[in-house]
Amino acid sequence: MSATGIIQTQTLEVSLGPQHPSTHGVFRMDVVLDGEYVVKLKPVMGYLHRNHEQLAEKMTWLGSMPYTDRLDYFCSMTNNWAYALAVEKMTGLKVPERAEYIRVIMAELTRLLNHSCAIGFLLSDCGAWFTPVLYALREREWILDFFETVSGARMMCNYMRFGGVRVDLDDASLAMARNIVARWPAFLDEFEKLMTENEVLLARTQRVGILSRNLAINASVSGPVARASGVEYDIRKVDKYGVYDRFDFGVPVGEAGDTFDRYMIRILEMREAVKILEQALRDIPAGPFIAPEAKLRNFKVPAGDGYGRIEAPKGELGFYLVSEGGAKPYRYHVRPPSFINLTILEDMCLGQKVADTVIILGSVDIVLGEVDR
Amino acid sequence: MSVPLGYYLMLGGVLFCIGLCGALTRKNAIAVLMSIEIMFNAAILNFVVFWYYLHNGALTGQMFALFAIAVAAAESAVGLALVISVYRHYRSVDVDEMKALKG
Amino acid sequence: MDAIYQLIHDYCPTMPDWLALALAILLPIAIVMGVFLTVFALLTWVERKALGRIQNRRGPNRVGPVGLFQPIADGLKLLTKEDIVPNAADKVVHFLAPVLVVVPAFMVLAVVPVAKGFIAVDLNIGVLFALAVSTASVLALFMAGWASHNKFSLLGAMRGVAQVVSYEVPMVLAAVVVLMASGSLSSVSIVEAQRGLTGWFVCKPWGLVGFVIFQLCAMAEVARTPFDLPEAESEIVAGYHTEYSGFKFALFQMGEYVAAITMGGITVTMFLGGYLGPGCDLPKFGWLISACWFFAKLGIIVVINIWARGTWPRVRVDQLLGFAWKLLLPLSLVNIVAMAVWHFAPNKLVGWVESAVLLAVAIVALVKINAGQTFEKRSYRFTS
Amino acid sequence: MSNLLGKGMIDGLVVTAKNFVTSYFDGNRKDRLFTYQYPEERMKLPENSRTFPFLVYDGTPDQMRCTACKVCETECPPQCIYIVMERDANGKPLLRPRVFDIDISVCMQCGICAEVCPTNAIKMDCDFERSAHGRFETLLSHLPELLKSNDYYHQIKSAEATRVDATRKPVKKAAAPAPVKPMPTPADILTEDERSAWQRGCQSEIGTGPIVWPPPVVVKKKVAGTNTEQNVSAAPLPTGTPWHDSGIDIAARMELAKDRSLADKLMAAMAQLDCQACGYDCRGYADALASGTNSDFTLCTPGEEETKNMLEKLLKEAGKL
Amino acid sequence: MNIVFLTLSAIMVLGAVLAVTLRNLVHCLLALVVFFLGIAGHFFLLKADFLGAAQILIYIGAVAVLILFAIMLTRNISGTEGGRSSLGGAWWLGVGLASSLAGMMCVFVRRSELVTKLPYGATEEGVVKEIGKLLVTDWVVPLEIMAVLLTAALIGAVVIALEEEKKR
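The listed protein sequences derive, respectively, from chains A, B, C, D and E. If you're matching positions, the first sequence starts at 1 in this note's numbering and goes up one per residue. If you're matching positions, the second sequence starts at 1 in this note's numbering and goes up one per residue. If you're matching positions, the third sequence starts at 1 in this note's numbering and goes up one per residue. If you're matching positions, the fourth sequence starts at 1 in this note's numbering and goes up one per residue. If you're matching positions, the fifth sequence starts at 1 in this note's numbering and goes up one per residue.
This is chain A alone, in the form it adopts within the complex (with noise of 0.2 Å):
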């Protein structure tokens, strides 16, 4: 009761706790609500801080490559290929053709699982009945099946080494991934027909949690978060890294910058990611898998730093290696697109409903694996 006295609705203190059914994982808001609106928002993380950093130092380079698989546990791949560019870029590796091609789909496929994913956690968000979910699922059932074909594992494939990656495509499993992909285009319809024309969706994701364009670039946000609030930058298109050079694919950007732009954003990178794979699928040259020069064990890499980032589905995924020249990385860094794109979560929340936030927080996208390393 303020001094007034007049009736001042007591602000609410709610945490929208670590275990809570919406939040991608473990990861707290402390919440001060007055009535249904956000006055204060907290984002408290570190629940799934597992030292992987730390960790990198006292293992060899490759040892930390299945580590990283557990970084954004839904992107594997692009992990993988994050931490084998940084590493390329500080020894100078080589990496053949094939190798680059088979890193291109298999990065476009996680983008699509990721794309796919995400859309489908943000309307079970909104309520939808996990329908999407499941039919987004059933989509990324078969990406898995490819992955672990090639990989051996679904999710965590460790699969890409310094110089190219462990297991070559054979014919069975090119065929396998031409055909996920022929399917996808008929799954993106159906789900814009169940979803992108919703009234009900289109009242709760227009302009609830806009991101201004320049607070998206002070704040250094990367991905489709940003992309939704009109920053035209793609790594694929800015580094020019791997072979995505040889693909014309186009690189959507929304204006508004609200949960439902990010929404659109990412069915558009999927169709996108389509596009690319097509191309990638048809002119996959043959020739070594693996640079022969990568050695497997006792590697060393020159003393000196390097930093090799991607353009992985949440964002710029960013490597930062420091090495004495010995087999051990001296230091090791991760920049993890959620993480940053957490920071602005309360500015895009003030003002909101307590049932915006959640919405707000399932389109930045966030996975706990990497935010808290």
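Simulated from the structure, these hints should not be mistaken for lab results. Check before you lean on any hint, since a few could be wrong.
Computed footprint of chain C on chain E, listed as stretches where at least three residues anywhere in the stretch have a Cβ under 8 Å from a Cβ of chain C [stated by the list, open to error]:
no.	segment
1	19-27
2	100-112
3	127-141
Note that the structure is predicted; figures quoted are calculated from it, not measured. Where is the CB? At the ideal position from N, CA and C, for every residue including glycine.
Knowing the structure of chain A, use the given hints to seat chains B, C, D and E on it.
Below, chains B, C, D and E without anything else, positioned relative to chain A:
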């Protein structure tokens, strides 16, 4: 329906008195309002009883009870609004404390 | 009830009077409870199977032939689960809330005519009684939320009460139209008034609009998607029944599902011509056919509920309330006027056209007025 | 909000209805209802799929490929492998593990051990039903449980197994020791020349079959019909690297290389496994040590203490250290 | 029907007493709801169906929730700050007065000749249609006045409760 009229009247009377007792003894304004509600209902019960036993030709008894219910509901709404504004002023609904006849 | 009382007297005159009366009261109650509890169990099974099939999975198929014993398994599980009561909770109120949720749901069943001549209590204020009792569930919602002494359930309770109260008004007004048409409150006479080929009220323009409004309000009353705000999992955990477990939680579920069935029953009685259908007047098995008609129509309503639950996302609180007060309420008022126009029109056709036009104009006008938040079609540019 | 009952929502209903109805017609196609009813209907795992590692043996469990070179133990990221080499009574390493534990509650199934193993001894299994009641003792799988035959390996991963068999060069290993009883050392039963003949004799058997210990004593053979004895003459001393056989113990190897160059002596001290734990093969490492390009003499992990001390002694004698 | 009458009124009286004496206001309210149900039961007994339904609709549906909101907003549920008794200053005066009044009432009722009056002639069906007609024919003036009263009460309640909301 072999219940004589007297039973109903006594029932109404007892209920009215319980309501009165509550209104007089309770400290909390809302409890007082609740007791007044009880008194209202006791009266409305009598309306219907008299209609049923004495004049159940015309429906005037029921109509009157209907209007009485409506008035009672309106009254409780205004009463509670008053209690809330008083609460905001005194920060308590203790009947005894509301002594100062401030404007 | 009186019919059964006579029935008992004819068959066994030797039975003492008070026993016969008691039997006459208890028998219909037993039948209604029995029938509708099995329908409830069946409904949970149908819902899980249908949602499963919508989502490309099979739904329960482990317990019993096609998963048919799943409701029994759920019941047993919930029975054996430990019943945790938070120590800060207000014990008495915490215990009473689930009871108060289930009671109105079953009481409304008393006035739903299941088949020709099969109605538990033929009150001559049938529908009014049903609507009055269904408002009592508001109290139960609040008690549950308030007694669990936890922020989430309090939020859920506040939302639930706001939603139920604000959707009651359009619902009652939508029912008024039917009462005007059938001239009496008793549900049996409402059903009888819908005889004839296009006799069902839903076939009339104002009947259709009334049906849509009533169905939406019934979904909101029972908190089913897209209005399942009170126990919106994603936002406030499980709303007012967060702190309930074991059999109390089962009671809540039962209350919710049975309320969905009874609301469906009332919608069928009022708009889809209860047990009417070709063949329901046959002397021999007329009542059986009419029962089938009733449950068939009830099935349609329930399927629509499940279908909507599997597809649509949830509406936000302010949109939910805005939708009720700014759109449904005026529309139901106009609906009453349309009914009057239809009633006093010189002949059927003119009445039909007039009310249809009036309603169409009203809907378009209301939609325009409320189109506060227009959805712009977003276009996206592609950088090369 | 206002036109809530617009087209979008009806489309949504149509999609779910279509899914609902078609799920009854083509329900058994796996791309529609994709759940496998697990216990009854098992999913055929693709060949490459990997779960926990297992040790491969050819023929009988005794001839396991693992030479306890500990490379997988050092390379394993979560360090869940524990190996103790088996030694005979007088401490000679038998290049086979006495203890080989894998803690599958720690193992994260990354497959690096199978990748780095020089002797293709450890491969990734695809049996995932390994749940156990205890958390500690039952999830620690010991040597006997880990051993699986090569044809089991062919059965689960035929393509990979055949590829491995084609590239694998057989590695000589001491056979399983007979029940332990005091064994005569060569010194006390053979005269000087008999011992050299023995060494030449067993060298001639290199590569033909398992070496039997104690070695057969070379005896003078009676030529049929005459009473003269004839020494079984052994093949001339190969000039190459007679000691390059991990079955011979270090003393014997040093013996063989005693009048050779420093590099040869250093090589004789190695564990003769070419396991590349040191980053080279035995020849390369010895040359590197001899030429001074690599001064770290502790890289020969399979050799363990004895190789390290010997290398240190040799380098000290040669003044390199 | 005696048993039904006796049980119903026993429940009702119990509800009323509890509503008055309980300390926790929410429990008070529950007792009040039981009391309202009792009243509705009696209306049904006296063949005033429409009134019974109206009673349930208005009192249990609306007034009870209203009181609950009021309790919630004034935040002191237990009704007694710091455990002091929930009874006002001169509580014994109130009780004495009420009980003497009740006693006198019972005596007068017993003495008057109405006590043995028995109901005659059950009323015909279709009460509801009858009420409807009456409302718009004979009782149309009270109906309009009631409408005005209710709107006034509505606006008044809103104005009073939120009076200072705007100033904030």
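How the hints compare with the structure:
no., hint, verdict
1, 19-27, "holds (count 3)"
2, 100-112, "violated (count 0)"
3, 127-141, "holds (count 3)"
Checked against the numbered hints given earlier, the structure breaks only hint 2 and satisfies all the rest.
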